[in-house]
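In order, the protein sequences belong to chains A and B.
Numbers in the working numbering are just positions in the first sequence, counted from 1, shifted up by 104.
Residue 338 in the working numbering sits at position 357 of the second sequence; the count goes up by one each step and never skips.
For the record, the hints were derived by calculation from the structure and aren't laboratory data.
Computed from a predicted structure; not experimentally measured.
One or more hints might be untrue.
[As the list claims (entries may be wrong)] Straight-line Cα separation of at most 27 Å, DSS-like style, residue types lysine-lysine; simulated pairs:
1) B:Lys188 - B:Lys164
2) B:Lys164 - B:Lys(-8)
3) B:Lys326 - B:Lys368
4) B:Lys164 - A:Lys344
5) B:Lys182 - B:Lys(-8)
6) B:Lys130 - B:Lys102
7) B:Lys243 - A:Lys344
8) A:Lys344 - B:Lys218
9) B:Lys326 - B:Lys337
10) B:Lys164 - A:Lys262
11) B:Lys295 - B:Lys337
12) B:Lys295 - A:Lys262
13) B:Lys218 - B:Lys243
14) B:Lys188 - B:Lys130
15) B:Lys218 - B:Lys182
16) A:Lys262 - B:Lys182
17) B:Lys342 - B:Lys295
18) B:Lys(-8) - B:Lys295
19) A:Lys344 - A:Lys262
20) B:Lys243 - A:Lys262
21) B:Lys218 - B:Lys164
[Stated by the list, open to error] DEER-style ranges, computed between Cβ atoms:
22) B:Val267 - A:Val180: 50 to 58 Å
23) A:Arg282 - B:Asp306: 54 to 62 Å
24) B:Glu289 - A:Arg282: 28 to 36 Å
Quick reminder that beta carbons are idealized off the backbone N, C-alpha and C, glycines included.
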Amino acid sequence: MLVLFVLAALAYVGAAFGSLLAVLGDDAKAPRWPLHALLVAAIFHLGAIGSQCLDGAHPFRSIQMTLSAVAWFVVVGYLGLVRGRRPLRELGAMLAPTALVAMAVGFVAHADVVPNPELSPMLVRAHVVFASLGVAGFVLAAGVAAVYLALEHRLRHKEVPRGMQGLSVRGLDQLHNRLVVAATPVFALAMAFGAVALTQAGGLEMLQTRALELVAGFVAFSANLTSLVGRAIIGLRGRKAAILTLLAFFATLLIIVSYGVRS
Amino acid sequence: VNLFAIGVNHKTAPVAIRERLAVSTGPEHAEHLARLRELACVDEVMLLSTCNRVEVYACGSRTSPEILVNALATIRGIAPEALREHCFVNQREDAARHIFRVTASLESIVVGEPQILGQIKDAYQSALSSGTMGAVLGRCLTMAFHGAKRVRTETEIARGGASVPSVAVDLAGRIFGELRGAKALIVGAGDMARQTAVHLKTAGVAKIAVVNRSEARGRALAAEFEGDYFEWGGLEKQLVNADVVVASTGSPEAVIDLAVMKRVMRARRYAPIFMIDIAVPRDIEVGVNEVDGVFVYDVDDLRHLVDENLEGRKAQADIASRVLDEEISAFLAWSRERALGPMIKDLRQRHLDVAKSEIEKVMARIPNLSEHDRRLLSGLGPAIVNKFLHRPLTQLRASTVPGSGPDLVGAVQELFGLQQPQCEDPVAAATPEGNYERESCDV
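When you get a sec, could you build the whole thing from the sequences and use the hints?
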């Protein structure tokens, strides 16, 4: 079951990357592979739900598991909707990472149905690797967003900074957005793997002791997802997008500080 | 070095004089160079003619500033007395310094402006192709070009625009990175809008659209930039498509208000837009600048930035002068060494002749010398002379640097009965009065 979860998570991340790149690339003819990746993710997701079901955990047994099942239905509905029509790339870009998080929530809801403890060290390592990559991406994105805000503020107040040659507000905005595109799915994957590994190690009680990290992680993920989806749908960019990125960065910082204090 | 820089510029002469002296490029320029060389008895000459200066740079041991000024006046058909009133004269080190400073744009009205370097390069090429460019002036100019390049790269003297349109283009670069492919919208058909459009087009703006109440003027402006004219009613639609907007209508009230810009930004999906409002009264409502993604600059903002940039350039001029001093010192060292060349050659030859003569005497007294032994003995003379003269010549070269100690050149001439270095004193001797020494002196 855990293998199915991992495969589904990786496929969701691939689909998220592909969809986000297609959305931001403004290319009229987007590649089809993100849809294929989403289809593969949905198949593995169904396998994971089925496996949980065979272990005695009905898909609608709890709110969390229902969330996972609903996410699967939405993904399948989306795939059906886009078949032969406009690919609705913006929706796909939002759906893939959201379904990944929903699947992880459903998966860790019942510690008793998370077997394969021998895979736990592997999950922890994967969590650490993906979390490091995701946080690095967020830090870079936050740095660029901060420079953007500084440059934008100075230009708005009729100052031309002498020491910022070669930087432009449009360039900084695009760069920070691309970094968020790269970091968000990776961070979502790290969150999912971390939550499952924690559940394996100490059940839901263990998960509850990490409530602060979970909430902060969710805030960071939501802020970035809002920024990405907002840009795809209504063209959210500039100052507001930069502020959302900084919010995600501070939430990530809170997670790191919390880990530091605990260790 | 017998270097001269004479002429008129924006500091010494009014435009009425400068325009009478101005020389156009082409055959006339080459002809003037040939005549200058002949009339002024110079070996090398270059003529720089721009809207702010007409200057002659020359090198020769048989000329004088007075001859040069007379020659310039003659070829331009002006009375020498009239020219002398406004002519500056620089000689030797001052002339080199002047050439370096002009090339590096430190003597321009707008310090750091880039055009002068191109103009001097054109004048240099003209002299080169006319055959009036020689070793000294050529070296001076190439080192001046190097100095100008260093000034531009090692200081911030060229940073920031020095005019309203150039500042506007600079700002557009800060917002969009590059203007290649950008679309500009001109609202109104005023002269300032036209000037800004010229700069935008030069900076690479792909398309220019014009919206104006008067169709005839709007179409004329659009045609000038190969752009499109749109009726006044299409303003909002054009704002959605534009990256840079230049507003310069004569409207008594704002033509682009907050409500319009909010709608425009929604339609643009908040893509950034740069708006230059050069109209008085302003065409763009004040609050528009607060909309996310909109950057509005009015004429006062732009002028303020121009003033700041000009102040910044002046502050950088001192640093640039220090950079230039290194290049000038290098040129002067080269010219001093060049001037010493004939004397050193003479000194070395005398020593070689003595050594050769003495060795031949010795060889004549030794019987049965093999060819190999003869070659060995013959090589002894140059080897001893080189070793013997190494330190004296090093000291001699070093002594020519001003302030480095006693002048050994005169002592060596006296001791060994040598002639004076070629390029030193004739100019000083030819100068009738001391009133040619400093820049801006009346001639």
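How the hints compare with the structure:
no., hint, result
1, B:Lys188 - B:Lys164, "holds (5 Å)"
2, B:Lys164 - B:Lys(-8), "violated (41 Å)"
3, B:Lys326 - B:Lys368, "holds (15 Å)"
4, B:Lys164 - A:Lys344, "holds (25 Å)"
5, B:Lys182 - B:Lys(-8), "violated (33 Å)"
6, B:Lys130 - B:Lys102, "holds (13 Å)"
7, B:Lys243 - A:Lys344, "holds (15 Å)"
8, A:Lys344 - B:Lys218, "holds (25 Å)"
9, B:Lys326 - B:Lys337, "holds (16 Å)"
10, B:Lys164 - A:Lys262, "holds (22 Å)"
11, B:Lys295 - B:Lys337, "violated (62 Å)"
12, B:Lys295 - A:Lys262, "holds (21 Å)"
13, B:Lys218 - B:Lys243, "holds (13 Å)"
14, B:Lys188 - B:Lys130, "violated (33 Å)"
15, B:Lys218 - B:Lys182, "holds (22 Å)"
16, A:Lys262 - B:Lys182, "holds (23 Å)"
17, B:Lys342 - B:Lys295, "violated (70 Å)"
18, B:Lys(-8) - B:Lys295, "holds (17 Å)"
19, A:Lys344 - A:Lys262, "holds (20 Å)"
20, B:Lys243 - A:Lys262, "holds (21 Å)"
21, B:Lys218 - B:Lys164, "holds (13 Å)"
22, B:Val267 - A:Val180: 50 to 58 Å, "holds (53 Å)"
23, A:Arg282 - B:Asp306: 54 to 62 Å, "violated (47 Å)"
24, B:Glu289 - A:Arg282: 28 to 36 Å, "holds (34 Å)"
Comparing the model with each earlier hint shows violations of hints 2, 5, 11, 14, 17 and 23; every other hint is respected.
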